[in-house]
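Using the numbering used here, the first residue of the first sequence is number 7, and each one after it goes up by one.
Just so you know, these hints were derived from the structure itself, not from any lab. Computed from a prediction, not measured in an experiment: that's the story for all the values here. One should not assume that every hint holds.
Below, a list of computed lysine to any residue pairs in the SDA-like style, where the Cα atoms sit at most 20 angstroms apart [claimed, not checked]:
(1) Lys351 to Ala543
(2) Lys45 to Met312
(3) Lys207 to Lys90
(4) Lys120 to Lys45
(5) Lys207 to Met312
(6) Lys297 to Asp373
(7) Lys544 to Lys426
(8) Lys207 to Pro301
(9) Lys125 to Glu252
(10) Lys90 to Asp78
(11) Lys120 to Glu203
(12) Lys297 to Phe328
(13) Lys468 to Asn393
(14) Lys45 to Asp432
(15) Lys351 to Ile188
(16) Lys468 to Asp432
(17) Lys120 to Lys351
(18) Lys544 to Trp376
(19) Lys544 to Ala389
(20) Lys351 to Lys540
(21) Lys544 to Glu252
(22) Lys207 to His178
(23) Lys297 to Pro245
(24) Lys45 to Asn105
(25) Lys207 to Leu319
(26) Lys426 to Trp376
(27) Lys125 to His178
(28) Lys45 to Thr433
(29) Lys125 to Pro245
(30) Lys189 to Arg206
(31) Lys351 to His178
(32) Lys207 to Glu229
(33) Lys125 to Lys189
(34) Lys189 to Tyr139
(35) Lys207 to Ile188
(36) Lys468 to Arg552
(37) Lys45 to Thr400
(38) Lys468 to Thr400
(39) Lys297 to Trp273
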Amino acid sequence: MEHILIAVAWPYANGPLHLGHIAGAYLPPDIFGRYHRAKGNRVLMVSGSDAHGTPITLRAEQEGVTPAEVVDRYHSQFLDCWRKLGISFDLFTSTSTPNHARVSQDIFRTLLEKGYIYKNSVPQQFCSNCQRYLPDRYVEGTCPLCGSSGARGDQCDSCGKPLNSTELRDPHCRICDTTPLIKESEHFFLRLSAFQELLRKWIEAQRHWRPNVLNFSLRYLDEGLRDRAITRDINWGVPVPVEGYEGKRLYVWFEAVIGYLSASIEWAGGDEAGWRPFWSGEARGYYFIGKDNIPFHTLIWPAMLMGYGGLNLPYNVPANEFLTIQGRQLSTSRNWAVWLPEYLKSYDPDPLRYYLSANMPEGGDTDFSWQQFYSRNNDELVATYGNLVHRVLTFVHRHYSGEVPRPGTIDAGGQALLNKAAATLDTVDRALAECHFREGLRAAMALAQEGNRYLESRAPWKSVATDREGTGTSLYVAMSVISCLKTVLYPYLPFSSTRLHQYLGLEGSVEDPWEWQRPTPSRGLPGPSALFAKLDAKGIEAEVSRLEASP
RNA sequence: GGCAGCGUAGCUCAGAGGCAGAGCAGGGGCUUCAUAAGCCCUGUGUCGUGGGUUCGAAUCCCUCCGCUGCCA
């Protein structure tokens with residue numbers, strides 16, 4: 007039995023989830039977690055809402071509500087999405103808990119005592135009217151590069167260039183329009199430069215990482231790590247635990263990654279014997295994130311852990327690339343996105359899980375199109391897998407009074423299929439252990455095709471009139487294969503596997519053993535119904551035009 | 001502007017020096033248990049462009065074009 011920590015990227019609680027989030031960071035860890043639980047390993051899968059940061063405070067100020075209200079709204083929406091999509095967190099918390107603040111401050115203090123955090127003075131925009139320092143996004147002005155007005159202190163949306171707020175021409179406060187002054191402000195910095203060589207040595211040893219993650223991280227090191235400010239002049243966030251700095255907060259990028267640890271501690275109710283086995287010794291930590299988050303998880307968080315000491319570094323960071331939508335880059339500001347709450351109003355969770363697994367952006371960007379979604383649902387999920395299950399189970403009901411047929415001697419053809427099923431269990435096992443999700447799904451679907459071929463060759467609808475026992479044997483073999491599919495597809499398609507587990511009259515729970523359960527002969531079965539619904543192709547056009555109608 | 005990645009069949013994507021692959025779509029046939037589902041047969045692809053290395057390049061190197069990302 008192993009301890010597997012599954013650390014999942016923390017979604018920003020300032021907007022709804024879209025399919026890019028799911029394909030990139032949320033579906034893969036769920037598949038991985040369900041697999042490991044079925045294998046009998048101890049799994050701790052944690053994440054939570056990222057409650058801090060200026061996008062949230064800005065949104066709150068624009069809406070005239072508190073940041074906490076914004077966070078609460080999306081946090082409960084996230085929880086609802088996880089439940090409906092079957093994302094099986096052991097704990098999905100938030101960075102606004104007292105526990106998280108305590109753990110973050112503990113790490114801050116320890117790094118400060120060890121000299122990995124130091125103070126420095128930096129120029130900062132200050133609004134004399136609002137009487138406060140302005141974080142980047144609170145300053146608007148004219149872009150020094152392209153000359154367009156309305157550029158923000160962190161970036162110009164017009165030309166897409168990142169900026170420093172002090173570079174803006176004609177800067178003004180986004181709240182009150184006053185022209186800000188530049189004042190010196192004292193901040194704390196993380197001494198990342200101290201970890202340069204340690205990190206390089208460590209990363210170069212991670213041969214099991216995906217090449218994109220490895221190369222990306224090494225490139226950062228080639229450029230040389232620079233120390234970064236970890237505090238801000240803002241009043242929403244985790245307070246800096248140093249006397250005289252009460253008005254400052256920890257920068258989100260420093261504090262949010264600590265959430266993996268603080269959530270583990272929260273999950274264990276603070277009991278060290280509960281959480282530490284996931285963070286030390288042979289325990290392995292897998293960090294599931296999108297590619298935009300790579301440096302935080304392969305460089306910054308490991309540096310923090312090295313400095314803090316006593317906790318495992320990430321074992322793997324299987325970062326995914328991005329999902330494009332109908333061939334175009336996903337954009338939340340232009341509303342070019344498929345929102346998960348919207349999806350879940352109209353469709354079941356498993357078809358999306360299937361599509362995104364089959365087309366997961368593991369090695370490069372991949373595309374989501376409604377056309378493809380419908381076709382994968384109707385032509386693969388329904389036609390190949392769902393129909394195999396349905397034709398076998400309805401046949402058993404009609405001709406064997408709904409009882410598992412008692413098998414006679416299994417011939418070479420049947421045995422060959424059973425061997426193929428056993429091999430598939432191994433293939434999917436290995437693929438999942440290595441986070442090769444697409445490969446595992448491909449292998450599972452290939453077995454479903456074999457099942458259909460076998461039925462075709464046996465034609466039980468013919469033989470049942472003349473050879474009841476032989477036909478029963480064929481059906482038993484087919485049901486055994488279906489049972490194997492139930493297990494290997496469970497991590498991907500938990501909802502339909504749960505139903506199939508019942509339809510097959512199997513013992514125990516669908517979540518339990520990663521093994522091939524055979525149906526019990528003569529057992530009475532509940533009446534089956536179709537595992538998946540076929541979708542009317544008319545829906546494609548409706549979805550596409552809804553997407554294109556958005557501004 | 002600098003750096004990196006990608007560009008393979010109508011579509012979505014694998015493959016990474018040794019006869020170009022899968023699924024889906026399309027075409028032909030068989031079947032009728034099943035959600036008009038299933039099975040069999042069916043691929044003339046300048047592997048983005050142009051060059052180079054090699055006995056041999058989709059694969060390695062360089063140029064250019066296009067897309068994406070990171071950085072300035």
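Here is what the structure says about each hint:
Using a Cα cut-off of 20 angstroms, the hinted pair Lys351 and Ala543 holds, with the two alpha carbons roughly 18 angstroms apart. For the hint pairing Lys45 with Met312, the CA-to-CA distance comes to about 31 angstroms; that exceeds 20 angstroms, so the pair is violated. As the CA atoms of Lys207 and Lys90 are separated by approximately 42 angstroms, the hinted pair breaks the 20 angstroms bound. Under the criterion of a C-alpha separation no larger than 20 angstroms, the hint pairing Lys120 with Lys45 is inconsistent with the structure, at around 41 angstroms.
With a CA separation close to 13 angstroms, the supplied pair Lys207 and Met312 stays within the 20 angstroms bound. Proximity of Lys297 to Asp373 is assessed by CA-CA distance (about 16 angstroms); at most 20 angstroms being required, the pair is judged to hold. Simply put, Lys544 and Lys426 have alpha-carbon atoms about 38 angstroms apart, too far for the 20 angstroms limit, and the pair is violated. With a CA separation close to 16 angstroms, the supplied pair Lys207 and Pro301 stays within the 20 angstroms bound.
Straight-line distance between C-alpha atoms of Lys125 and Glu252 comes to about 15 angstroms, which keeps the hinted pair within the 20 angstroms bound. Restraint check for Lys90 and Asp78: satisfied, since their Cα atoms lie roughly 18 angstroms apart, inside the 20 angstroms limit. Proposed proximity of Lys120 and Glu203 is supported: the alpha carbons are some 18 angstroms apart, at most 20 angstroms. The straight-line distance between the Cα atoms of Lys297 and Phe328 is roughly 7 angstroms, inside the 20 angstroms bound, and the hint therefore holds.
Note on Lys468 and Asn393: the hinted pairing holds, with a Cα-Cα distance of about 19 angstroms set against a maximum of 20 angstroms. The hinted pair formed by Lys45 and Asp432 meets the criterion: a straight-line CA distance of about 12 angstroms does not exceed 20 angstroms. Taking the CA atoms of Lys351 and Ile188, the gap is near 49 angstroms; set against the 20 angstroms cutoff, the hint is violated. The hinted pair formed by Lys468 and Asp432 fails the criterion: a straight-line CA distance of about 34 angstroms is larger than 20 angstroms.
As the CA atoms of Lys120 and Lys351 are separated by approximately 51 angstroms, the hinted pair breaks the 20 angstroms bound. With a C-alpha separation of about 11 angstroms, the suggested pair Lys544 and Trp376 falls inside the 20 angstroms cut-off, and the hint holds. The suggested pairing of Lys544 with Ala389 holds, with an alpha-carbon distance near 18 angstroms, which does not exceed 20 angstroms. A distance of roughly 17 angstroms separates the Cα atoms of Lys351 and Lys540; the hinted pair therefore holds under the 20 angstroms criterion.
A hinted pair counts as satisfied when its Cα atoms are at most 20 angstroms apart, and Lys544 with Glu252 does not qualify at roughly 59 angstroms. Restraint check: the Cα-Cα separation between Lys207 and His178 comes to about 45 angstroms, which exceeds 20 angstroms; the hinted pair is violated. Pair hint Lys297 plus Pro245 does not hold up; C-alpha atoms about 29 angstroms apart against a cutoff of 20 angstroms. Between the alpha carbons of Lys45 and Asn105 the distance comes to roughly 31 angstroms, so the proposed pair goes past 20 angstroms and is violated.
Annotation: proposed proximity of Lys207 to Leu319 holds, straight-line Cα distance about 13 angstroms (limit 20 angstroms). Between Lys426 and Trp376 the alpha-carbon distance is near 33 angstroms, which puts this suggested pair outside the 20 angstroms criterion. Taking the CA atoms of Lys125 and His178, the gap is near 28 angstroms; set against the 20 angstroms cutoff, the hint is violated. The suggested pairing of Lys45 with Thr433 holds, with an alpha-carbon distance near 14 angstroms, which does not exceed 20 angstroms.
For the hint linking Lys125 to Pro245, the alpha-carbon distance of about 16 angstroms falls within 20 angstroms, and the restraint holds. Only pairs whose Cα atoms come within 20 angstroms are accepted, and Lys189 paired with Arg206 is rejected, the gap being roughly 37 angstroms. Restraint check for Lys351 and His178: the C-alpha separation of about 42 angstroms exceeds 20 angstroms, so the hint is violated. Distance restraint check for Lys207 and Glu229: the Cα-Cα separation of roughly 16 angstroms lies within the 20 angstroms cut-off, and the hinted pair is therefore satisfied.
For the hint pairing Lys125 with Lys189, the CA-to-CA distance comes to about 16 angstroms; that is within 20 angstroms, so the pair holds. Straight-line distance between C-alpha atoms of Lys189 and Tyr139 comes to about 8 angstroms, which keeps the hinted pair within the 20 angstroms bound. Restraint check for Lys207 and Ile188: not satisfied, since their Cα atoms lie roughly 41 angstroms apart, outside the 20 angstroms limit. With a C-alpha separation of about 48 angstroms, the suggested pairing of Lys468 with Arg552 is violated against the 20 angstroms cut-off.
Taken as a hint, the Lys45 and Thr400 pair is broken in the structure, with Cα atoms around 31 angstroms apart against an allowance of 20 angstroms. The hinted pair formed by Lys468 and Thr400 meets the criterion: a straight-line CA distance of about 15 angstroms does not exceed 20 angstroms. Pair hint Lys297 plus Trp273 does not hold up; C-alpha atoms about 27 angstroms apart against a cutoff of 20 angstroms.
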